[in-house]
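Chemist: One letter stands for each residue in the lines below.
There are 2 protein chains.
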Amino acid sequence: MGRGGDADAMPDEFSLIERLFEPLAGPEGLGLKDDAAVFTPRVGYDLVLSKDAIAEGRHYLSSDPPDTVAKKLLRVNLSDLAAKGATPRGYLLSCAWSAETPLDWMQAFADGLEEDQSKFDLSLWGGDTIRVSGPTVFSLTAIGEVPSGRAVTRSGAAPGDDLWVTGTIGDAALGLLVAQGEYAGTEPEDRDYLISRYRIPQPPVAFGKQLSGFASAALDVSDGLLADLDHLCAASQVGARLDRSAIPLSPVFKKCTTSTEERWGLVYGGGDDYQILFAAPREKQERVVDLARAANVQVSCIGCLTEAQDVVVLDEAGQSIDVAPAGFSHF
Amino acid sequence: MGRGGDADAMPDEFSLIERLFEPLAGPEGLGLKDDAAVFTPRVGYDLVLSKDAIAEGRHYLSSDPPDTVAKKLLRVNLSDLAAKGATPRGYLLSCAWSAETPLDWMQAFADGLEEDQSKFDLSLWGGDTIRVSGPTVFSLTAIGEVPSGRAVTRSGAAPGDDLWVTGTIGDAALGLLVAQGEYAGTEPEDRDYLISRYRIPQPPVAFGKQLSGFASAALDVSDGLLADLDHLCAASQVGARLDRSAIPLSPVFKKCTTSTEERWGLVYGGGDDYQILFAAPREKQERVVDLARAANVQVSCIGCLTEAQDVVVLDEAGQSIDVAPAGFSHF
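So the sequence lines, in the order shown, correspond to chains U and E.
Position 318, counted from 1, in the first sequence is what my numbering calls 318; the numbers after and before it change by one each time, with no gaps.
Count along the second sequence from 1, then add 1000; that gives the number in my numbering.
If we strip away everything but chain U, and leave its shape as in the complex, we get (with noise of 0.2 Å):
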């Protein structure tokens, strides 16, 4: 790609940087130039750093407005660093476009990731543009602070625990799904609120700071709760007790779904909530409420932790049933 050329071209790298990222860069970037960020930690944190990438036809649709997947490209790393305690402070973007996109989408693309460093009071510090012949890649690296010793990790959960998640499960899942064109008959302003659950997640992350006050362990939901679950289990050597009544969902997810095997293996296996999962020791149950009430969150007590190690559902009668764990892959 040439430099200079007339104005309806598409610039070249260092004028389409110029344009559509210096705005959006923090002092850390030096003004975008230097192929390097340079941060000064403060004293007394420690950094948590996350690295997602997500790919066009894959974890966002070619069809998805351009604002919403930059919000989804951060959130999803915010939703990393809310589980580990920590507060956002800035990331690193690397764009792999394809050869279709046209300028206008970056700049959107641009717009969206401006309003949510300015919602969520981070900074761009740097980062690369390349072309790609096949669709587009996106990877974030996000980079918060916690005090020092005080992240949480997956590890930390005991017997006795009482499992807690923040938000509705399942209506992302359900949003992919009908923004794929099934569910036809649905109401407009719940086909919106559905596809807006899966295109923009809403991580806690106001929230997610107080989490090394009360959570001995978390992770957010984005493989589904089953195979979160899981993970945490595994990393803590403990197994769960999961009160399936208790599991939160919104109206809007009760509405659309209509049998008990679609609902619940969207809420067992779907992705993409971006809630966190945590435990938290019996005590410290009107902390969470308390703190969760100031940060305007919805949290939910939905089982416990236990000394086998395995998991088990029960349903609304307390009896335990059968189900397949099935996370969704994202690979």
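Some hints here could point you the wrong way.
[Said to hold, decoys possible] Facing chain E, according to a computed beta carbon distance under 10 Å, are these residues of chain U, among others: (1) LEU49; (2) SER50; (3) ALA83; (4) THR153; (5) ARG154.
[Stated by the list, open to error] Quick partial rundown of chain U residues pointing at chain E, CB under 7 Å, derived from the structure: (6) ASP34; (7) GLY134; (8) ALA151.
The set of hints was computed from the structure by calculation and includes no laboratory data.
Everything numeric in this text was worked out from a predicted model, so none of it was measured.
Even glycine gets a Cβ: it sits at the ideal position worked out from N, Cα and C.
Use these hints to put chain E onto chain U, whose structure you have.
Modeler: Frame of chain U, contents of chain E only:
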């Protein structure tokens, strides 16, 4: 992609990460189980972060051996850290594998990373593994540290400073042409040398750690010598006089480039050498030479910086010559 299956089948995402990448993980990576890394920065140090992506068919050839692709990916980022005066500590990696990538290619790629981790003394902290329907795209974020306030930027050079470069220039650009089938008459050992220079950059990482002791500005030669010199001059608001005869060329490069035009075209505009172009005050000459000798790195003084804000190239007779700056665009 399903779970389990027969031994010859491609493993699922989690098994693949366990097999390929867990052996590479440092303690900051939390066993690659937590979707995030936790790192305690050393007091008194700034962090330098670099993120570069490479795509199959654009930054490396499908026929390149996978271990060299891994090394190139890591080294283009280590080169950015070196040019800031930083010491590498860790990295995060996103792999977006094309559907055609076989497991043994992935394994050889991981083996290449392992060799370079050992050579450059850093470890894997985390990342992400996905599949894409187009060509493979990798993105890597490298994290290094530099004593607080001592990072070398592009913007600190002053008129009168010497202009230096490490290693030799042009080999990588010629190596790419050879790898693409040009220069058919080249002798085998010369071919091997040039192709290896294209495939496996040799950034002067140990020398880079010393940069803040003498360099007023620095960057890596990735876009082409003249384009990168332009970047340095623009950031430092200076001009430059470049003595063409002082530019370091390898014996093989000199032997294989027959026409003057071809030779200087590759030197001025060829990218991918990943050497360091730096400015240093005249009184630091001896120090630069001593430190380079200690680090076993070739350094050449190729000109100086000037008040006039343009770049003048002098030929072997000291005459100013016209050159059309045309950097290699990675975009």
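Chemist: Each hint needs a verdict: does it hold in this structure or not?
Modeler: How the hints compare with the structure:
Interface restraint check for U:LEU49: the shortest CB-CB distance to chain E comes to about 5 Å, inside 10 Å, so the restraint holds. For the restraint placing U:SER50 at the interface with chain E, the shortest Cβ-Cβ distance is roughly 4 Å, inside the 10 Å limit, so the hint holds. Checking U:ALA83 against chain E: minimum C-beta separation of about 7 Å stays under 10 Å; hint holds. This hint holds: U:THR153 has a C-beta 6 Å from the nearest C-beta of chain E, less than the 10 Å allowed.
Here the hint on U:ARG154 is kept, as its CB sits about 6 Å from the closest CB of chain E, short of 10 Å. Because the beta carbon of U:ASP34 sits about 6 Å from the nearest beta carbon in chain E, less than 7 Å, this interface hint is met. For U:GLY134, the interface hint holds, the least distance from its beta-carbon to any beta-carbon of chain E being 1 Å, beneath 7 Å. Interface hint at U:ALA151: satisfied, since its Cβ lies 4 Å from the closest Cβ of chain E, which is below the 7 Å cut-off.
Taken one by one, the earlier hints all hold for this structure without exception.
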